[in-house]
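**Student:** What follows is the residue order along each chain.
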Amino acid sequence: MTWSESKQEKVLAIVSKHEIRQTRLLQILREVQDEFHCVPKNALEIVAAELGLARTKVEGVVQFYSLLSLEQQGRFHILFSDSITDQFQGSRELMDYLSAKLGVKPGQTRSDGKVSLGFTSCTGLCDQGPAGLVNGHWLSRLNESRIDRIVDLVEREVPVSSWPLEFFHVEDNIQSPGLLLQSPIDQGEALKQLVREGFEEIFMEINRSGLRGRGGAGFETAWKWRFCAEGPEDYSGSSLVDKNERFVVCNADEGEPGTFKDRILLNSYAHQVFEGMTVCAGIVGAKQGFLYLRGEYLRLRPQLEAILANRRAKNFLGKSILGRNGFDFDIEIHMGAGAYVCGEESALIESLEGKRGVPRVRPPYPIDRGYLDQPTVVNNVETFAAVAAIAAYGGAWFATQGTDKSKGSKIISISGDCERPGIYEYDFGISIAEILMDCGAENTLAVQVGGPSGGIISGKEYHRKLAFEDLGTGGSFMIFNKKRDVLEIVRNFTHFFAHESCGFCTPCRVGTTLLKNEVDKICDGHATSLDLVGLSSLAKFIKTASHCGLGQSAANPVLGSLSHFPQAYKDRFKDVVFEPGFDLDESLETARRMSARDDPWAHLEQ
Amino acid sequence: MSENTLTIDGKPVHFKDGDTIMEAAIRAGIYIPHLCHDPELKPQGNCKMCEVKVNGRNCSACTFPAAEGQKVLNNIKELNENRRIIVQMLFVEGNHLCPGCEKSGNCKLQAIAYSVGMMEYRFPLIYPKREMDTSHPDILLDRNRCIFCEMCVRAGREVDGKEVFAISGRGIGNHLIVNSPSGLLKDSLLEVTDKAANVCPVGAIIIKRHGFEVPIGQRIYDKKQIAEVSVATEKVLEEKVHG
Chain A
1 MTWSESKQEK
11 VLAIVSKHEI
21 RQTRLLQILR
31 EVQDEFHCVP
41 KNALEIVAAE
51 LGLARTKVEG
61 VVQFYSLLSL
71 EQQGRFHILF
81 SDSITDQFQG
91 SRELMDYLSA
101 KLGVKPGQTR
111 SDGKVSLGFT
121 SCTGLCDQGP
131 AGLVNGHWLS
141 RLNESRIDRI
151 VDLVEREVPV
161 SSWPLEFFHV
171 EDNIQSPGLL
181 LQSPIDQGEA
191 LKQLVREGFE
201 EIFMEINRSG
211 LRGRGGAGFE
221 TAWKWRFCAE
231 GPEDYSGSSL
241 VDKNERFVVC
251 NADEGEPGTF
261 KDRILLNSYA
271 HQVFEGMTVC
281 AGIVGAKQGF
291 LYLRGEYLRL
301 RPQLEAILAN
311 RRAKNFLGKS
321 ILGRNGFDFD
331 IEIHMGAGAY
341 VCGEESALIE
351 SLEGKRGVPR
361 VRPPYPIDRG
371 YLDQPTVVNN
381 VETFAAVAAI
391 AAYGGAWFAT
401 QGTDKSKGSK
411 IISISGDCER
421 PGIYEYDFGI
431 SIAEILMDCG
441 AENTLAVQVG
451 GPSGGIISGK
461 EYHRKLAFED
471 LGTGGSFMIF
481 NKKRDVLEIV
491 RNFTHFFAHE
501 SCGFCTPCRV
511 GTTLLKNEVD
521 KICDGHATSL
531 DLVGLSSLAK
541 FIKTASHCGL
551 GQSAANPVLG
561 SLSHFPQAYK
571 DRFKDVVFEP
581 GFDLDESLET
591 ARRMSARDDP
601 WAHLEQ
Chain B
607 MSENTLTIDG
617 KPVHFKDGDT
627 IMEAAIRAGI
637 YIPHLCHDPE
647 LKPQGNCKMC
657 EVKVNGRNCS
667 ACTFPAAEGQ
677 KVLNNIKELN
687 ENRRIIVQML
697 FVEGNHLCPG
707 CEKSGNCKLQ
717 AIAYSVGMME
727 YRFPLIYPKR
737 EMDTSHPDIL
747 LDRNRCIFCE
757 MCVRAGREVD
767 GKEVFAISGR
777 GIGNHLIVNS
787 PSGLLKDSLL
797 EVTDKAANVC
807 PVGAIIIKRH
817 GFEVPIGQRI
827 YDKKQIAEVS
837 VATEKVLEEK
847 VHG
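Going down the list, the sequences are from chains A and B. Going by my numbering, the first residue of the first sequence is number 1, and it counts up by one from there. Going by my numbering, the first residue of the second sequence is number 607, and it counts up by one from there.
Derived by calculation from the structure, the hints in this document are not laboratory data. Heads up, some of the hints might be wrong.
List time: in silico SDA-like cross-link candidates among lysine to any residue, alpha-carbon distance up to 25 Å [to be verified]:
{"id": "1", "chain 1": "A", "residue 1": "Lys57", "chain 2": "B", "residue 2": "Asp800"}
{"id": "2", "chain 1": "A", "residue 1": "Lys57", "chain 2": "B", "residue 2": "Ser788"}
{"id": "3", "chain 1": "B", "residue 1": "Lys735", "chain 2": "A", "residue 2": "Leu588"}
{"id": "4", "chain 1": "A", "residue 1": "Lys57", "chain 2": "B", "residue 2": "Pro734"}
{"id": "5", "chain 1": "A", "residue 1": "Lys521", "chain 2": "B", "residue 2": "Ile732"}
{"id": "6", "chain 1": "A", "residue 1": "Lys57", "chain 2": "B", "residue 2": "Arg736"}
{"id": "7", "chain 1": "A", "residue 1": "Lys355", "chain 2": "A", "residue 2": "Leu298"}
{"id": "8", "chain 1": "A", "residue 1": "Lys540", "chain 2": "A", "residue 2": "Ile457"}
{"id": "9", "chain 1": "B", "residue 1": "Lys735", "chain 2": "A", "residue 2": "Gly107"}
{"id": "10", "chain 1": "A", "residue 1": "Lys41", "chain 2": "B", "residue 2": "Met738"}
{"id": "11", "chain 1": "A", "residue 1": "Lys521", "chain 2": "B", "residue 2": "Ile778"}
{"id": "12", "chain 1": "A", "residue 1": "Lys105", "chain 2": "B", "residue 2": "Pro734"}
{"id": "13", "chain 1": "A", "residue 1": "Lys543", "chain 2": "B", "residue 2": "Gly723"}
{"id": "14", "chain 1": "A", "residue 1": "Lys574", "chain 2": "B", "residue 2": "Arg728"}
{"id": "15", "chain 1": "A", "residue 1": "Lys355", "chain 2": "B", "residue 2": "Ile778"}
{"id": "16", "chain 1": "A", "residue 1": "Lys574", "chain 2": "B", "residue 2": "Leu731"}
{"id": "17", "chain 1": "A", "residue 1": "Lys57", "chain 2": "B", "residue 2": "Thr740"}
{"id": "18", "chain 1": "A", "residue 1": "Lys521", "chain 2": "B", "residue 2": "Glu726"}
{"id": "19", "chain 1": "A", "residue 1": "Lys543", "chain 2": "B", "residue 2": "Ile682"}
{"id": "20", "chain 1": "A", "residue 1": "Lys57", "chain 2": "B", "residue 2": "His781"}
{"id": "21", "chain 1": "B", "residue 1": "Lys683", "chain 2": "A", "residue 2": "Ser537"}
{"id": "22", "chain 1": "B", "residue 1": "Lys622", "chain 2": "A", "residue 2": "Pro363"}
{"id": "23", "chain 1": "A", "residue 1": "Lys521", "chain 2": "B", "residue 2": "Gly777"}
{"id": "24", "chain 1": "A", "residue 1": "Lys10", "chain 2": "B", "residue 2": "Ser788"}
Full structure from sequences and hints, please.
**Tutor:** Structure below.
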């Protein structure tokens, strides 16, 4: 097949725009995908040749990220969020509606090439769902009448840029601001303080604040920075500090279903986040920073680029920041492309380098060997926002709030069954019961704290508190009322992990799929009590034997629900002596099709 | 001056600076079960067979750095039970039909399955659809048997100095791809003498026309346990590679 010169030139232009750098491979492929609605084989070969990479490496990257595709997608590519909260808001029924209207099934491209449909993991709009993406841009508050209008726009082939703005409207939805959201810093306030007081003094303030990482793991921020600034050492124990470049990375790959706090921080507090990164850069001695923005947050990119430009103009970024000699730092935005595992810091670094997002072996940790094997600080968006505030207002301002072991506040994203979903910020130590009251949740069956990778808690635990020492969370808080079926929640989460497993290690690659199949079997009513024994031991194995946090938490929905809601499982068992592990009648379907029969004798009863 | 000694199941083991636990164990003639490790290749830690307990914490022996005074547990019930589950997972994930596979008796997956006492699949078979590549005159690629140890991927890059294999896809959809314009092995740089063509622990990459030179019953693991074979062959290789 010959490929037109104009197409070749388009690909070459994309590659050269990215300075023919291998680390930009993922960024290049995203743009190729936008241009051609897939990554055509010819484009793949051009990119590989230009970057000096094997074609297999490029193909491996394309096939890893769910927003990239080797197969042709429609000129309008519509994805619906498959998060459980979207499902409970009717997303699946809406997809059926859309699919019938357009005459194309999810996962397929219509024969005229105009439109393709599919599902994707959580899009970060759980508070204003059912939500989705069209050509990478958010669609919020979907309903039948909105879908009718979308179908019309698609059929008339109106470009997405000309669609009504209200379709893309996303509110911050801050319901209850606290410590951080109530007192944003003035632009440059933290940096001025940094230059005035000195790096060591501001470091001491951050240490004094007791700030711990907001991504979920809760490592002490000051210590992480100190290790990065001082490390790594060679075998004799002597420091390699002068030989290394250092990097600061902001993890905005907010992929945990039910989490959307970073969306708000980046939409309305981006200055403060960038300022926190710059403070960090000054303290650890980094010259280059990255904001790794999840692919689904594409809509935020132009305004973030504008803020960065504005900060460069004010000398909050660039050379000799605020006149301080040697304080040079700039920030680049890298987009993800649909891979939850890239929220894991070492997978994120691989992705930043333009590779498949496979978590690295640890040790070495990123603070010793991160981006391009150089010492790298990776912190959450919220952590950097807090850093800037602490630099401006002092460590004590922060440390007086919260609990002894969990200082300060936590921003949580509330979705699901309540009157007022949205963003709530609380000092650490708040009880679940108080949160439920604030957001107007009634008849609550269960709360999923920390998203699918966190834990499910039921009524008798609502006295428990949000804190690292009790219920830790990256910020997802999903509420389910008594009309909901626990097993449907477990099924959704278990499918999510199987879909998002990177496949590197055996326990997670195979285990998440076995878990998914087993939960399906239970939900479909083919399980017996013996299955529960197997399910529980499989789940425990995946938890202990997996390579990274994804695998280690993939079985949490099963384990948590088994201990809190065992009856939900037992209700699904059929009361028979022998229950086959599969649907007998369904298994005959192929034979029926082949023999063109559908009479009663061609069916089997279970 | 450090002593550079750790213990594995109570036995003192000397290690060199920069050693992983696996490297120290191999040099000391101690077998830690593994499917994705080869002394000549950079350790990767994907199969998780070599999971050991280091001071109470689970670690992959092939990637975890050895350190003074570590108490490593290896041959214990809990870990061997986990290893059995991993082997069972690998069996149900692919299409492994030992009686019809010419690697039978020389296959590390099969040998480890025997050594950890695997008597059943335990999990429902997944029956994936996987492609075969018979295009190369001397080498066969049967993806049905691939266990994603990435030994062929690494051997090509690190030993043969050529880019032949890579992993594509994600999760359970992972699959081995071949670096050639057609995607077929015959158009790749792979040669029959390459390490990449000979390193496969299972029957996914096999050299054609040699499958039955040694009769079944007289093959490597028909005669000896994998622990014994592994210690004997890898100790020599380890000393050659890392001194």
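**Student:** Compare the structure with each hint and give your call.
**Tutor:** Structure-based check of each hint:
no. : hint                : in the structure
1   : Lys57/A x Asp800/B  : holds (20 Å)
2   : Lys57/A x Ser788/B  : holds (15 Å)
3   : Lys735/B x Leu588/A : holds (20 Å)
4   : Lys57/A x Pro734/B  : holds (23 Å)
5   : Lys521/A x Ile732/B : holds (14 Å)
6   : Lys57/A x Arg736/B  : holds (20 Å)
7   : Lys355/A x Leu298/A : holds (20 Å)
8   : Lys540/A x Ile457/A : holds (19 Å)
9   : Lys735/B x Gly107/A : holds (19 Å)
10  : Lys41/A x Met738/B  : holds (21 Å)
11  : Lys521/A x Ile778/B : holds (18 Å)
12  : Lys105/A x Pro734/B : holds (23 Å)
13  : Lys543/A x Gly723/B : holds (23 Å)
14  : Lys574/A x Arg728/B : holds (22 Å)
15  : Lys355/A x Ile778/B : holds (19 Å)
16  : Lys574/A x Leu731/B : holds (23 Å)
17  : Lys57/A x Thr740/B  : holds (23 Å)
18  : Lys521/A x Glu726/B : holds (20 Å)
19  : Lys543/A x Ile682/B : holds (19 Å)
20  : Lys57/A x His781/B  : holds (13 Å)
21  : Lys683/B x Ser537/A : holds (15 Å)
22  : Lys622/B x Pro363/A : holds (18 Å)
23  : Lys521/A x Gly777/B : holds (21 Å)
24  : Lys10/A x Ser788/B  : holds (24 Å)
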